Amino acid sequence: MTVTETPPWNMKLSESELVGACQRGDRAAQKRLFESTQARIFRVIARIVGEREAVDVTQQAYLQVFRKIGQFSGRSTLATWVYRIAVNEALQHIRRRGRRTVTTLEFEPVDHAPNQTNIADLRDALDAALADIDPELKAVFLLKEVDELSYSEIAHVLSIPEGTVGSRLNRARRELQDRLKACGWAS
Amino acid sequence: MICAEVQKQMSAYLDSELSDADCQSIAAHLDGCTACSEVLAGFQSLSAVAKDFDAPSPPSDLWRGIEMSLDDEKLQIVALESPGQQRRRYVLAPWSTAAAILLIATAAIWSSRGVWNSHDHESMEANFDVFLAAYSANPEQAHETLVRAYDGQLISRDTAVKRLGYTPAALDGKLADANPEESYLLEMPCCRCSLTVCRRSDGSVLTVLEHDVPQPEWFGDRSRSECVCDGVPTDVVQVDDVLAASWRLGERFVTVIGPRNLDDVTELVSDESATNGG
Ligand SMILES: [Zn+2]
Numbered sequence: 607m608t609v610t611e612t613p614p615w616n617m618k619l620s621e622s623e624l625v626g627a628c629q630r631g632d633r634a635a636q637k638r639l640f641e642s643t644q645a646r647i648f649r650v651i652a653r654i655v656g657e658r659e660a661v662d663v664t665q666q667a668y669l670q671v672f673r674k675i676g677q678f679s680g681r682s683t684l685a686t687w688v689y690r691i692a693v694n695e696a697l698q699h700i701r702r703r704g705r706r707t708v709t710t711l712e713f714e715p716v717d718h719a720p721n722q723t724n725i726a727d728l729r730d731a732l733d734a735a736l737a738d739i740d741p742e743l744k745a746v747f748l749l750k751e752v753d754e755l756s757y758s759e760i761a762h763v764l765s766i767p768e769g770t771v772g773s774r775l776n777r778a779r780r781e782l783q784d785r786l787k788a789c790g791w792a793s
Numbered sequence: 010m011i012c013a014e015v016q017k018q019m020s021a022y023l024d025s026e027l028s029d030a031d032c033q034s035i036a037a038h039l040d041g042c043t044a045c046s047e048v049l050a051g052f053q054s055l056s057a058v059a060k061d062f063d064a065p066s067p068p069s070d071l072w073r074g075i076e077m078s079l080d081d082e083k084l085q086i087v088a089l090e091s092p093g094q095q096r097r098r099y100v101l102a103p104w105s106t107a108a109a110i111l112l113i114a115t116a117a118i119w120s121s122r123g124v125w126n127s128h129d130h131e132s133m134e135a136n137f138d139v140f141l142a143a144y145s146a147n148p149e150q151a152h153e154t155l156v157r158a159y160d161g162q163l164i165s166r167d168t169a170v171k172r173l174g175y176t177p178a179a180l181d182g183k184l185a186d187a188n189p190e191e192s193y194l195l196e197m198p199c200c201r202c203s204l205t206v207c208r209r210s211d212g213s214v215l216t217v218l219e220h221d222v223p224q225p226e227w228f229g230d231r232s233r234s235e236c237v238c239d240g241v242p243t244d245v246v247q248v249d250d251v252l253a254a255s256w257r258l259g260e261r262f263v264t265v266i267g268p269r270n271l272d273d274v275t276e277l278v279s280d281e282s283a284t285n286g287g
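Keeping their order, the protein sequence lines are chains A and B. Each residue of the first sequence is one higher than the one before, counting from 607 in this note's numbering. Each residue of the second sequence is one higher than the one before, counting from 10 in this note's numbering.
Source of the hints: derived by calculation from the structure; they are not laboratory data. These numbers come from a predicted model, not from an experiment. Each hint should be verified, as a subset may be incorrect.
Straight-line C-alpha distance at most 30 Å; calculated BS3-like pairs for lysine-lysine [stated by the list, open to error]:
id, chain 1, residue 1, chain 2, residue 2
1, B, K17, B, K60
2, B, K60, A, K787
3, B, K183, B, K171
4, A, K787, B, K17
Construct all of the structure, not just a fragment, from the sequences and the given hints.
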């Protein structure tokens, strides 16, 4: 899946018409924009901040979208623009909150070999490791691995140079691996 | 190529972000280098686990929360708000949305009970119209219209519990500054409901109805607004020089007639929610 989605809203309404209507505060248009993007937006926010806080952050993100819609220039698609605001809102949220105090130390160091029976444990361990690394690294990893964005899309969403994406991903992956190894998961 | 250079590009290699030439030289190095191959394998297994993450779905009421905040930003305070009082957080939105929500909820409940006919609706609206029209001139007596129309029986706190299965909020001391003076049981077409006349410390009267389902038709075509009072969605109707307000309280709905402004309403709403432990 990429950020460039075909507009799923009413065919009769072009993207610029939808933007115009949202700018005028048209509630139906706002709802349409919400409905066409919410599944993806909620998912990425839930990944970054955790499911428990995702509802609040998603609401905040959409309020930002509607506040800022006058600034939408059409350089990216509307879906990408909304996504970018959402990711940044989520990042701001975890920066404000501070990193989770969940650490990989909670996991007993034992010898694990990833197989069918413990893949869920491994997923939990990765989740815990993600909560433990720098939010910027976490975001770049999730945008790549879960949302499958290209480096140029990630650069755009996070407002960083495209050349930095690869090096951040290297760091993210190494740090995650170190944390998983520390609690006994072989690479 | 040295290992450090290769590992610097390892993510880009894995993610197919390299030119063909770069890609080939890294592949060639990996063929003969165990250390770099291990790094790559580690990255690949992380990828596999991340792909397996669940995709959480948004809750169904997500839009409602956003819409309420959007209304909040458009804040319109009713003219009745008295100056000098501490401003609380409340919102008025066009009635249409709230009405739609209430009507949907109400329709669902009514249709499942199947006891309604249009005559019931009309007569209830008419009875309430008389009651509300009389209210500001004679708040102590106005409720008698309803007592007559709905076989009202004067009840004590104990009888209320027996007949209704709950203690009406007004008799339970759940409303700030509202001393119950008399309480009735009304057999309405929608449900059995309680009506309590309360006296406030300034001598004014507050009439409190507690009912099983929302009752927007009690207020006919009077101008209505949806309001969020201390976080509780509340429907507010102007009745001459007082307000009527209705909100959900646990499994039931409370409607009060007599608050002078939205601060007043907010006091009542927040006091109840506080007593109910949220
Ligand atoms: Zn090497």
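These are the hints, each one checked on the structure:
1. With a CA separation close to 23 Å, the supplied pair K17/B and K60/B stays within the 30 Å bound.
2. Distance restraint check for K60/B and K787/A: the Cα-Cα separation of roughly 19 Å lies within the 30 Å cut-off, and the hinted pair is therefore satisfied.
3. Of the pairs offered as hints, the one joining K183/B and K171/B holds, with about 19 Å between alpha carbons and a cut-off of 30 Å not exceeded.
4. Taken as a hint, the K787/A and K17/B pair is honoured in the structure, with Cα atoms around 21 Å apart against an allowance of 30 Å.
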